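Colleague: Guided by the hints, dock chains B and C onto chain A, whose structure is given.
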Amino acid sequence: MFPKNTWYVAGTSEEIKSDKPFSRVICGVQLVFFRNKKNEVIALEDFCTHRGAALSLGYMEEGDLVCAYHGLKVGCKGEIVDMPMQNPKKIPCSKYYPIVEKYGFIWIWPGKIEKVDESLIPYLEWHGNKEWAFAGGVFDIKCDYRFMIDNLMDLTHEKYVHGTSIGQEEIDESPVNTQMEDGYVVTSRYMDDITAPPFWQMCMEHNNLDPTAKVDRWQKSKFVPPGAVLIDVGVALKGKGGKDAPKQDKVRCTVVDFMTPQTETSMWYFWGMARNFNPTDNQLTQDILKGQGGIFEEDLEVLEFQQKNLEKFPNKSLISLDIDAGGKLSRRILSQMIKLEEERYIDNK
Amino acid sequence: MFPKNTWYVAGTSEEIKSDKPFSRVICGVQLVFFRNKKNEVIALEDFCTHRGAALSLGYMEEGDLVCAYHGLKVGCKGEIVDMPMQNPKKIPCSKYYPIVEKYGFIWIWPGKIEKVDESLIPYLEWHGNKEWAFAGGVFDIKCDYRFMIDNLMDLTHEKYVHGTSIGQEEIDESPVNTQMEDGYVVTSRYMDDITAPPFWQMCMEHNNLDPTAKVDRWQKSKFVPPGAVLIDVGVALKGKGGKDAPKQDKVRCTVVDFMTPQTETSMWYFWGMARNFNPTDNQLTQDILKGQGGIFEEDLEVLEFQQKNLEKFPNKSLISLDIDAGGKLSRRILSQMIKLEEERYIDNK
Amino acid sequence: MFPKNTWYVAGTSEEIKSDKPFSRVICGVQLVFFRNKKNEVIALEDFCTHRGAALSLGYMEEGDLVCAYHGLKVGCKGEIVDMPMQNPKKIPCSKYYPIVEKYGFIWIWPGKIEKVDESLIPYLEWHGNKEWAFAGGVFDIKCDYRFMIDNLMDLTHEKYVHGTSIGQEEIDESPVNTQMEDGYVVTSRYMDDITAPPFWQMCMEHNNLDPTAKVDRWQKSKFVPPGAVLIDVGVALKGKGGKDAPKQDKVRCTVVDFMTPQTETSMWYFWGMARNFNPTDNQLTQDILKGQGGIFEEDLEVLEFQQKNLEKFPNKSLISLDIDAGGKLSRRILSQMIKLEEERYIDNK
Chain A
1 MFPKNTWYVA GTSEEIKSDK PFSRVICGVQ LVFFRNKKNE VIALEDFCTH RGAALSLGYM
61 EEGDLVCAYH GLKVGCKGEI VDMPMQNPKK IPCSKYYPIV EKYGFIWIWP GKIEKVDESL
121 IPYLEWHGNK EWAFAGGVFD IKCDYRFMID NLMDLTHEKY VHGTSIGQEE IDESPVNTQM
181 EDGYVVTSRY MDDITAPPFW QMCMEHNNLD PTAKVDRWQK SKFVPPGAVL IDVGVALKGK
241 GGKDAPKQDK VRCTVVDFMT PQTETSMWYF WGMARNFNPT DNQLTQDILK GQGGIFEEDL
301 EVLEFQQKNL EKFPNKSLIS LDIDAGGKLS RRILSQMIKL EEERYIDNK
Chain B
1 MFPKNTWYVA GTSEEIKSDK PFSRVICGVQ LVFFRNKKNE VIALEDFCTH RGAALSLGYM
61 EEGDLVCAYH GLKVGCKGEI VDMPMQNPKK IPCSKYYPIV EKYGFIWIWP GKIEKVDESL
121 IPYLEWHGNK EWAFAGGVFD IKCDYRFMID NLMDLTHEKY VHGTSIGQEE IDESPVNTQM
181 EDGYVVTSRY MDDITAPPFW QMCMEHNNLD PTAKVDRWQK SKFVPPGAVL IDVGVALKGK
241 GGKDAPKQDK VRCTVVDFMT PQTETSMWYF WGMARNFNPT DNQLTQDILK GQGGIFEEDL
301 EVLEFQQKNL EKFPNKSLIS LDIDAGGKLS RRILSQMIKL EEERYIDNK
Chain C
1 MFPKNTWYVA GTSEEIKSDK PFSRVICGVQ LVFFRNKKNE VIALEDFCTH RGAALSLGYM
61 EEGDLVCAYH GLKVGCKGEI VDMPMQNPKK IPCSKYYPIV EKYGFIWIWP GKIEKVDESL
121 IPYLEWHGNK EWAFAGGVFD IKCDYRFMID NLMDLTHEKY VHGTSIGQEE IDESPVNTQM
181 EDGYVVTSRY MDDITAPPFW QMCMEHNNLD PTAKVDRWQK SKFVPPGAVL IDVGVALKGK
241 GGKDAPKQDK VRCTVVDFMT PQTETSMWYF WGMARNFNPT DNQLTQDILK GQGGIFEEDL
301 EVLEFQQKNL EKFPNKSLIS LDIDAGGKLS RRILSQMIKL EEERYIDNK
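Residue numbers (my numbering), protein chains in the order written: chain A, 1 to 349; chain B, 1 to 349; chain C, 1 to 349.
Check each hint, because a few of them may be wrong.
Each pair may be met inside one copy or between any two copies, as identical chains are not told apart.
Stated by the list, open to error - Below 30 Å or equal to it, Euclidean Cα-Cα: the simulated DSBU-like pairs (lysine-lysine) are:
hint	residue 1	residue 2
1	Lys130	Lys290
2	Lys37	Lys89
3	Lys220	Lys240
4	Lys312	Lys142
5	Lys37	Lys142
6	Lys220	Lys20
7	Lys243	Lys20
8	Lys312	Lys243
9	Lys102	Lys142
10	Lys20	Lys290
11	Lys312	Lys130
12	Lys38	Lys243
13	Lys77	Lys37
14	Lys316	Lys339
15	Lys38	Lys90
Think of the hints as simulated: they come from the structure by calculation, not from any bench. Values in this document were obtained by computation on a predicted structure and should not be read as measured data.
Just chain A, same shape as in the assembly (with noise of 0.2 Å):
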């Protein structure tokens, strides 16, 4: 259940090398990714249209592909550029993806390429800045990409899958607010005058605040479709404005989530942290990245039991509390974009 005329992040830009092919799947396809002559990323279908061969166990030749079975060189397009002693015209063509590189991230269009619309791509105002800071990672999770969103858009599991690194008592007792901002489903929840927990006392000593000092702290999820979770978190000292405090009285990042569907119950987790304090120390990027990266595993073993319970009792269905507002609304969202697509699909018949 994932819509295809639209953005997934495919990998990052460094995962993508120029010596030779990586392999992974979107969509439920697999998928070979290369970069040719110019540098760009290419993504075809992983299927030599010889003999069905794995392309990405080819090797580079010049920007080209070349199958490791028998010689057959693949193109930016999927055209076959040569073969030995062969007429490459008569060998068809490999289906190739739209892809754009942007903000760190290889973006891929897993739908119809007339429908294709690069202006669709989600802005991520930290790339590139030289106020912000960015480190992130990627996870194979066994789960319904949907399930990520569902613990994205509702924080109040912070509490109890991260007692102690961000979760705390205020947050359960702190009401969430659903609502659509500018088009987007946004979760936001406020927690005044409380102390910070143990991630965030770390943050606000490498942005020279005292650590014990009351806070005000606010984090507001942000759903962009269709799998994209940008959470906007931070404490500010009590009474200074919260997110709008000024930048040496809070510290405040953005949390970065790009959920792809690998198959129906499967999914890459693209995740990082993006902060706007303090940008050049570069041992806080590497503490955040891999404090975070431990949070996230939290998660995934949570998720990836969900997703297992739920093939186990195929007939339990499951309750909606406010909490679930988030997901559900984004849910909703997901499901018309499917719908739209196979409307789309009658009319041109």
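Modeller: Relative to the frame of chain A, chains B and C by itself:
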């Protein structure tokens, strides 16, 4: 193929701790076990009725189980005791299963709650009796639980599977008797005037008997539906009366076997040995435990291959010889129990 | 998709020992192999007709196989020879499969016993011939056995898959010829006036030839249905007559390949090299064995990915170029054999 309105061993008393939940599949259902404030064992479906998380990932709070995802708290009957900022009455209960803790085991009733009858739990004479010592273990075996019943109701296999410990030539030279006794299927074999095999020689030494003396050996397997086989085994000095000989002239044990279906093709095997001689010798208890564990691992390999083989050769049927009569009768009783449950179900309609 | 009224290699003579049974899946059937009193190899379904135990867990007793579960003893034709306290005549026989041990291999006939024809086993000229040396191995490969036939009937892939040993530029610059010869599919390629690749240079040194000399190279693959490809390969000093050159001017080998279906998507690959020069040099035999094993492991990876790919992309069809003509013709012969078996079956009705 297993009856449900009946008791199965779900675990040992030691397996279910008071400080954390425990997960196990019984009769096709993923269950979570925990202890409440009164130290009673509780069993629920391992499925949070909110979003399907595995309750067994959670933690205990004053005898209630707290879900690790959003803090939903479930009580002894699967009722929702509390959830932060929510009305627990609006959240569906988890399904609970009747449990009795008795004789050091946790007994579960997978069927209809209105049919529960605690008196159906078989009496285990050695529990809490100073004349006896007991030790045992549990195996996860990938075979239909009825294969283990067949195995235990016909001990001919001892010569072949357990040739170095309890097997001996005379076993398959002595006829096996199968009959109903007090409503139970019983198979028995008597080998008189023989030399004891290694295991029994070791036991004789520990009861001050000459291990090289001629003995009368007996094996008497009793099937207690749905999943127990209790085997009265031992050797007595020749001519002293066999299993009815005076205590100083024999060594006598009960081999304890509880088979609990996991799925149609896998089972939990709770095995042990209750000993009616020299009960205070803890070293002997440990030696027997280790020896019996090794013997039962030999059965495990044979039975798992048997299960795989019946899947590989789906059109083959098995034959029943006289040595298989005990297993065959036991299976017939199980089939009758299942049929009776189905008829009751029709009556209720 | 494999014919059954024909011979396949089931194993090597060394694999089947006289002191214990051996288990292997051939043409979809789990079989047990053992040697009888006369040292003849016997093959039966690996299924005890009593309770379904795996006969291969058993042990040998004077050339009969004893089931490890209840001591049932089976003989060479699958007949029950003995069972303690039982009438063996009342127990059904195990199904047996015709076996011939010849040329160091165990040949099995998976089809109808009344069709058995020993003369159909291909003649292997090097076996027992002092002019030749042979060594080989066996791989368990997760692909349709016909992919390996395709692979061996078109050696174009050598340049790409085996570039560091036997591959060289000239391979895909030389046309391949496909024709029927004595009723067999034969593909051949001749590369004249070239420098030998590393593997052949090593061989030339061991036959007192200058490894840097210009050579005429040949490859001639012959498909012997249903599962053999024998490849006459070698290099001769330039202009001396190629494969017909005098022995002192060439190095010549037969690459031996027997493909035996395990299931529809897996196979046993019996590979080896028969060498017609310097046959007494055991170190050379070992070096070739090691080198060839490494080369064939390169094929293995490509073919297993090809199999997975055809399962991942079930709607794709493959194309056949001129280089694929040998494999295509070989597959057509297999299809005809299968069709003939089905027609015969109809005739019999």
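Colleague: Now look at each hint and say whether the structure bears it out.
Modeller: These are the hints, each one checked on the structure:
For the homomeric pair lysine 130 and lysine 290, the shortest alpha-carbon distance inside one copy (22 Å) is at most 30 Å, but the shortest distance between copies (57 Å) is not. For the identical chains of this complex, lysine 37 and lysine 89 are intra-copy neighbours only, at 22 Å inside a copy versus 64 Å across copies, given an alpha-carbon limit of 30 Å. For a Cα distance limit of 30 Å, the shortest separation of lysine 220 from lysine 240 inside one copy, 18 Å, qualifies, whereas the shortest one across copies, 83 Å, does not. In the homo-oligomer, the alpha carbons of lysine 312 and lysine 142 lie at most 30 Å apart both inside one protomer (15 Å) and across protomers (18 Å), since each shortest distance falls under that limit.
Taking the closest pair of Cα atoms, lysine 37 and lysine 142 never come within 30 Å of each other, the shortest separation being 35 Å inside a single copy and 36 Å across copies. Taking identical chains as interchangeable, the C-alpha atoms of lysine 220 and lysine 20 are never at most 30 Å apart, the minima being 40 Å within one chain and 34 Å between chains. In this homomeric assembly, lysine 243 and lysine 20 never come within 30 Å of each other (Cα to Cα): the closest approach is 44 Å inside a single copy and 40 Å across copies. Taking the shortest alpha-carbon separations for lysine 312 and lysine 243, neither the intra-copy value of 43 Å nor the inter-copy value of 48 Å comes in at or below 30 Å.
For the identical chains of this complex, lysine 102 and lysine 142 are intra-copy neighbours only, at 27 Å inside a copy versus 40 Å across copies, given an alpha-carbon limit of 30 Å. In the homo-oligomer, the alpha carbons of lysine 20 and lysine 290 lie at most 30 Å apart both inside one protomer (28 Å) and across protomers (28 Å), since each shortest distance falls under that limit. Within a single copy, lysine 312 and lysine 130 get their C-alpha atoms no closer than 49 Å, and across copies no closer than 44 Å, so neither meets the 30 Å cut-off. Neither within a single protomer nor between protomers do lysine 38 and lysine 243 lie at most 30 Å apart by alpha-carbon distance, with minima of 42 Å and 48 Å respectively.
In this assembly of identical chains, lysine 77 and lysine 37 lie within 30 Å of each other by CA distance solely inside one copy; the values are 13 Å within and 66 Å between copies. Proximity of lysine 316 and lysine 339 under a CA criterion of 30 Å is satisfied in both settings, with 25 Å inside one chain copy and 28 Å between copies. In this assembly of identical chains, the alpha carbons of lysine 38 and lysine 90 lie at most 30 Å apart only when taken from the same copy (27 Å versus 59 Å across copies).
In this structure, the hints that do not hold are numbers 5, 6, 7, 8, 11, 12, in rising order.
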